[in-house]
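Chemist: Here is what each chain is made of, one letter per residue.
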Amino acid sequence: MSRRPVLMAIVPLLLASIPLAAHHSFAAEYDREKPIKLSGTVTRFDLTNPHSWIYLEAKGPDGNVSTWGFETASLLALYRRGFKKDTLKAGMQITIEGFLAKDGTHTGNGQKLTLPDGKEIILGTEENPG
Amino acid sequence: MRHTRTVFLCAALIAAPVFLHAQGGPAAAPGAAAKSAEFVPPRTADGKPDLQGVWETRNAAAFDITEITEGHEIPYRPEALEKEQKGPRVDPIAHCAMPGVPRITYMPYPIQIMQRPGYVIFMYEYLHDQRIVPTNTGPTNPAREHLDGVDFWLGDSLGRWEGDTLVVDVTNLDERSWLDSARHTHSDALHVVERYSRTGPNTIRYEATIEDPKMYTRPWKIVMPLHLNKEAGFELREQECTEGDDGRPIHPPYRPAPHGDVFEFPRKYPSTQGASK
Amino acid sequence: MKYTIWFAFAAMVAVAQPAAQPAQPAKPAAPVKAPAPRAIPRMADGHPDLEGIWQPRTSGAAYSILPHQGGFFLGGGSDTGVVEGGVLPYQPWAMEIVKDLTQHMEFDPTGHCHYEGIPHANYFGFQFFQTPTHIAVLYENMHARRIIYMTGSHPSDYLAWMGDSRGRWEGDTLVVDVANNNDKSVYDMAGHFHSDAEHVVERYNMVDHDNINWEATIDDPKVFTRPWKMKFPLRRAPKDNEIMESGCFEGERDAVHLVEGLAIIPADHYKQ
Chain A
1 MSRRPVLMAI VPLLLASIPL AAHHSFAAEY DREKPIKLSG TVTRFDLTNP
51 HSWIYLEAKG PDGNVSTWGF ETASLLALYR RGFKKDTLKA GMQITIEGFL
101 AKDGTHTGNG QKLTLPDGKE IILGTEENPG
Chain B
131 MRHTRTVFLC AALIAAPVFL HAQGGPAAAP GAAAKSAEFV PPRTADGKPD
181 LQGVWETRNA AAFDITEITE GHEIPYRPEA LEKEQKGPRV DPIAHCAMPG
231 VPRITYMPYP IQIMQRPGYV IFMYEYLHDQ RIVPTNTGPT NPAREHLDGV
281 DFWLGDSLGR WEGDTLVVDV TNLDERSWLD SARHTHSDAL HVVERYSRTG
331 PNTIRYEATI EDPKMYTRPW KIVMPLHLNK EAGFELREQE CTEGDDGRPI
381 HPPYRPAPHG DVFEFPRKYP STQGASK
Chain C
408 MKYTIWFAFA AMVAVAQPAA QPAQPAKPAA PVKAPAPRAI PRMADGHPDL
458 EGIWQPRTSG AAYSILPHQG GFFLGGGSDT GVVEGGVLPY QPWAMEIVKD
508 LTQHMEFDPT GHCHYEGIPH ANYFGFQFFQ TPTHIAVLYE NMHARRIIYM
558 TGSHPSDYLA WMGDSRGRWE GDTLVVDVAN NNDKSVYDMA GHFHSDAEHV
608 VERYNMVDHD NINWEATIDD PKVFTRPWKM KFPLRRAPKD NEIMESGCFE
658 GERDAVHLVE GLAIIPADHY KQ
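Residue numbers (the numbering used here), protein chains in the order written: chain A, 1 to 130; chain B, 131 to 407; chain C, 408 to 679.
Chain A on its own, in the form it takes in the complex:
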């Protein structure tokens, strides 16, 4: 059976309008009363499930430079927003806004990312689209 070839790039629309995963309550981990905004250098980007992680060397509120980890949406959620595994490379200068973890570690829930060219990307998970 012949079929006219239809070239379709995969459309990352898929299921994006429905929360992909409840996973767990972020309110159990992050504090909405403690927003944080850091600028620094990417050291690592894990495009993974259930959440992706962006690690950067940045000067924290205490004035010291250290490694911070920001949790973001899942691999599929980010992929469907146009992220690839090499979208963030070590050495890139970025700014991340989000909320601090409740347990006092250098961990946050990433809500917004500003890339070196100034472009802003929502990082929030479906639970809190921003």
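FYI, nobody ran anything at the bench for these hints, they're computed from the structure.
There may be inaccurate statements among the hints.
[To be verified] Here are the simulated lysine-lysine pairs, DSSO-like style, with alpha carbons at most 27 Å apart:
(1) B:K351 / B:K216
(2) A:K102 / C:K636
(3) A:K37 / A:K112
(4) B:K213 / B:K344
(5) A:K102 / A:K112
(6) A:K34 / A:K112
(7) C:K646 / A:K84
(8) A:K112 / A:K84
(9) A:K112 / A:K59
(10) A:K59 / A:K34
(11) B:K344 / A:K89
(12) A:K37 / A:K89
(13) B:K351 / A:K89
(14) B:K216 / A:K89
(15) A:K34 / A:K102
(16) A:K84 / B:K351
(17) C:K636 / C:K506
(18) A:K119 / A:K37
[Claimed, not checked] Short, incomplete list of chain B residues facing chain A, as computed with Cβ under 10 Å:
(19) E186
(20) G279
(21) D281
(22) F282
(23) V297
(24) D299
(25) V353
We put the beta carbon where it would ideally sit given N, CA and C, even for glycine.
Based on the hints, put chains B and C in the right spot on chain A.
Modeler: Below, chains B and C alone, put in the same frame as chain A:
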């Protein structure tokens, strides 16, 4: 009588490639047509070879893939082998990671294959893994291309029929998976081409060509049979792996499971099993 | 790629709106969007063809199946929830456990990458593949799966997170009997749990090509005072959607950071 039979056989050999081509795959070589004449697989309603059923591996490839490797040796690039020997020593499946492809095929757990027009669905008991493989892809019928810039543990599978063989092209494989528990590894350039053909009422021939220019000097192949499970009423069970708080994987017993706590889970409240009312 | 990012932002804006869910009528709701609903597709045996990818409209059931407010990390909230009558008839001793669980979100099993179980798994998109003897349900979350067997009966020696599903047709409705449930899966993040006596009967009523009305009757005599019902519609996903691989183990670093819970339902929704 003899001449008639010869004429008929010649006609069949000539017609077979045309017939197979009409099924949507590229024209099969006469050799392939003759091979499929040895065992004629049952067909699904849409005319494809029927691969459905519950299938099992009966070899030790999960421990060492070289058992089913042609030549029993992997053609490593020397620098890649050296890097592998200095690399991570913990099998990712010990942390409940998915085994990757082709390892998922020869894990010692049953596989249920379901087939629908346009798809072959592999449902693996191991880790409740699954692969939904579209079968209308490939150079003659491109309906979907491989994804770009994202890796999955079981990769991205695009299928097509070539004669009576299901060909599955797998890329986008997460580089962290191992090919077996003997620490045979690969890079993110791994490309696997699987071939499934039903060679008998109770067997599927599974062949995979493994190509990874960063790791190996050339492509290499594995071949093994998958055996049909004919046990009456046999059904896949739920198979789970959870990493406990101490980093140990927990594989709950499931065949059969004891009635009660199937595995530990930190809870502050009493179990409801046995509660009154 | 530019288009896809645009669409993704549009989709996220759509998510940010509070879900307006009308009160569930007794009859299946009429389809709301399509100008002319397309006919139910049918298999060769005459039964509805359920194949395809379906998107549940659950108004935040993953947070709580009862009415709840939206808010920080809670999505848009829901005036009605997905429980018929808005009441979960917990026995008094079970109610104490629900209250305790809402203070201990760190025990939420989905936060530890466990299976969601039935009905929880149905709150998110899935794909049906259907033959006369097997209906496979392939979920994206946790790469979960269950096979609805149209033959045979529940095993006697086995408990599972996803239970054991046996299906039959009643007219155009697929009825699925789910037993063998362990007591570890939960209904949502609001502490709503069940025991291993839980028994779920689902009904998938395909009303047209793009809409299935789904409801489930849940009976757990150890924990509730009576059976209760959950319902929400399933909408066929747009073309070109795919179920993709969604593991849930490799990035699970959150568990160590979980500090305290969140009370989502202080309201009076537990009358008997």
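Chemist: Each hint: holds or not?
Modeler: Structure-based check of all given hints:
1. B:K351 / B:K216: 25 Å, holds
2. A:K102 / C:K636: 37 Å, violated
3. A:K37 / A:K112: 9 Å, holds
4. B:K213 / B:K344: The given pair, whose Cα atoms are some 11 Å apart, holds under the 27 Å limit.
5. A:K102 / A:K112: Judged against 27 Å, a Cα distance of about 19 Å means the pair holds.
6. A:K34 / A:K112: 15 Å, holds
7. C:K646 / A:K84: Since the Cα atoms of K646 of chain C and K84 of chain A sit roughly 23 Å apart, the hinted pair holds (cutoff 27 Å).
8. A:K112 / A:K84: Roughly 17 Å separates the two Cα atoms, so the pair holds.
9. A:K112 / A:K59: Holds, because 18 Å separates the two Cα atoms, which is no more than 27 Å.
10. A:K59 / A:K34: 17 Å, holds
11. B:K344 / A:K89: 21 Å, holds
12. A:K37 / A:K89: 20 Å, holds
13. B:K351 / A:K89: With a Cα-Cα distance of about 35 Å, the restraint between K351 of chain B and K89 of chain A is violated, given a limit of 27 Å.
14. B:K216 / A:K89: 25 Å, holds
15. A:K34 / A:K102: It holds: about 9 Å lies between the C-alpha atoms, which stays within 27 Å.
16. A:K84 / B:K351: 31 Å, violated
17. C:K636 / C:K506: It holds: about 21 Å lies between the C-alpha atoms, which stays within 27 Å.
18. A:K119 / A:K37: 16 Å, holds
19. E186: 29 Å, violated
20. G279: 3 Å, holds
21. D281: 6 Å, holds
22. F282: 8 Å, holds
23. V297: Given a least distance of 17 Å, the restraint on V297 of chain B is violated.
24. D299: 15 Å, violated
25. V353: 31 Å, violated
Consistency note: the structure conflicts with the earlier hints numbered 2, 13, 16, 19, 23, 24, 25.
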